[in-house]
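Colleague: Heads up: the sequence lines are chains A and B, in that order. Just so you know, the first sequence maps onto residues 33 to 147 in the numbering used here. Just so you know, the second sequence maps onto residues -2 to 113 in the numbering used here.
Note that these hints are calculated values from the structure, not bench results. It cannot be assumed that every hint is accurate.
Stretch-level coverage of chain A by chain B, calculated; a stretch enters the list once three of its residues show a Cβ under 8 Å from a Cβ in chain B [said to hold, decoys possible]: (1) 42 to 55; (2) 112 to 119; (3) 136 to 146.
In silico lysine-lysine, BS3-like type, Cα no more than 25 Å apart, as pairs [stated by the list, open to error]: (4) K102(A) / K50(A); (5) K100(B) / K35(A); (6) K0(B) / K67(B); (7) K102(A) / K100(B); (8) K67(B) / K100(B); (9) K100(B) / K87(A); (10) K103(A) / K50(A); (11) K100(B) / K89(A); (12) K103(A) / K100(B); (13) K35(A) / K102(A); (14) K103(A) / K89(A); (15) K100(B) / K0(B); (16) K102(A) / K85(A); (17) K85(A) / K100(B); (18) K0(B) / K89(A).
C-beta: ideal position from N, C-alpha, C; glycine also.
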Amino acid sequence: DVKVTQSSRYLVKRTGEKVFLECVQDMDHENMFWYRQDPGLGLRLIYFSYDVKMKEKGDIPEGYSVSREKKERFSLILESASTNQTSMYLCASSPHDRGLGNTIYFGEGSWLTVV
Amino acid sequence: AQKITQTQPGMFVQEKEAVTLDCTYDTSDPSYGLFWYKQPSSGEMIFLIYQGSYDQQNATEGRYSLNFQKARKSANLVISASQLGDSAMYFCAMRESNTNAGKSTFGDGTTLTVKP
Chain A
33 DVKVTQSSRY LVKRTGEKVF LECVQDMDHE NMFWYRQDPG LGLRLIYFSY DVKMKEKGDI
93 PEGYSVSREK KERFSLILES ASTNQTSMYL CASSPHDRGL GNTIYFGEGS WLTVV
Chain B
-2 AQKITQTQPG MFVQEKEAVT LDCTYDTSDP SYGLFWYKQP SSGEMIFLIY QGSYDQQNAT
58 EGRYSLNFQK ARKSANLVIS ASQLGDSAMY FCAMRESNTN AGKSTFGDGT TLTVKP
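Full structure from sequences and hints, please.
Modeller: Rendered as structure tokens:
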């Protein structure tokens, strides 16, 4: 089974702190993604990476950065956390594109509260 | 315009009955894929079923089936013989042909509650 593991399930951070959310996948997938999930807004793509050291902005990259130094690991960084970044963050991965039916595999999510 | 619309924020169904979760989509791309995911309270999103725009038959996966009506641009999820474990949030998603897999568009979700 594909396993996408997010290191922290629940975090509470203070405004202005630098926050790292870590994600590891064990299926040698090329693509990795970070989403943000908020009630009534569905899932919104923050950043994605299609290879080591490669990244592309998603729909809402402001206030976030990412790092992919190894194929299996994709980190989301909040440079200076703000209260409007309180949310659920989902990491996902998928193999190299094999057509429209290429599904994505999600982690269990990280609930971040910024106070 | 929103690309994926799920008009039912919440749904209730009696255990063992069937339930339909609505999803309409908007695209001008003739080639696209439609997905349904389940998100239990634990948070993980679980892939349920996929339908390609050129598929002639409706997709089925066990108790899940996708009622695909291309002309109406709808892709409703049907869950037969509901179980208590089906209580979760369900997301409809679409991927257009010129996009990376992870750039699918997701709806806002429908919360399904199965009553004993």
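Colleague: Each hint should be assessed against the structure and marked as holding or not.
Modeller: How the hints compare with the structure:
1. 42 to 55: violated (count 0)
2. 112 to 119: violated (count 0)
3. 136 to 146: Coverage by chain B holds for the stretch 136 to 146 of chain A (7 residues, Cβ < 8 Å).
4. K102(A) / K50(A): holds (21 Å)
5. K100(B) / K35(A): Within the cut-off at roughly 20 Å; holds.
6. K0(B) / K67(B): Status holds; Cα separation ~15 Å.
7. K102(A) / K100(B): holds (22 Å)
8. K67(B) / K100(B): holds (22 Å)
9. K100(B) / K87(A): holds (13 Å)
10. K103(A) / K50(A): Status holds; Cα separation ~23 Å.
11. K100(B) / K89(A): This hinted pair holds, its Cα atoms lying about 11 Å apart.
12. K103(A) / K100(B): holds (19 Å)
13. K35(A) / K102(A): Judged against 25 Å, a Cα distance of about 16 Å means the pair holds.
14. K103(A) / K89(A): Holds, at about 18 Å.
15. K100(B) / K0(B): Cα-Cα ~12 Å, so holds.
16. K102(A) / K85(A): holds (8 Å)
17. K85(A) / K100(B): Holds - the C-alpha atoms of K100(B) and K85(A) are around 19 Å apart, at most 25 Å.
18. K0(B) / K89(A): holds (20 Å)
Consistency note: the structure conflicts with the earlier hints numbered 1, 2.
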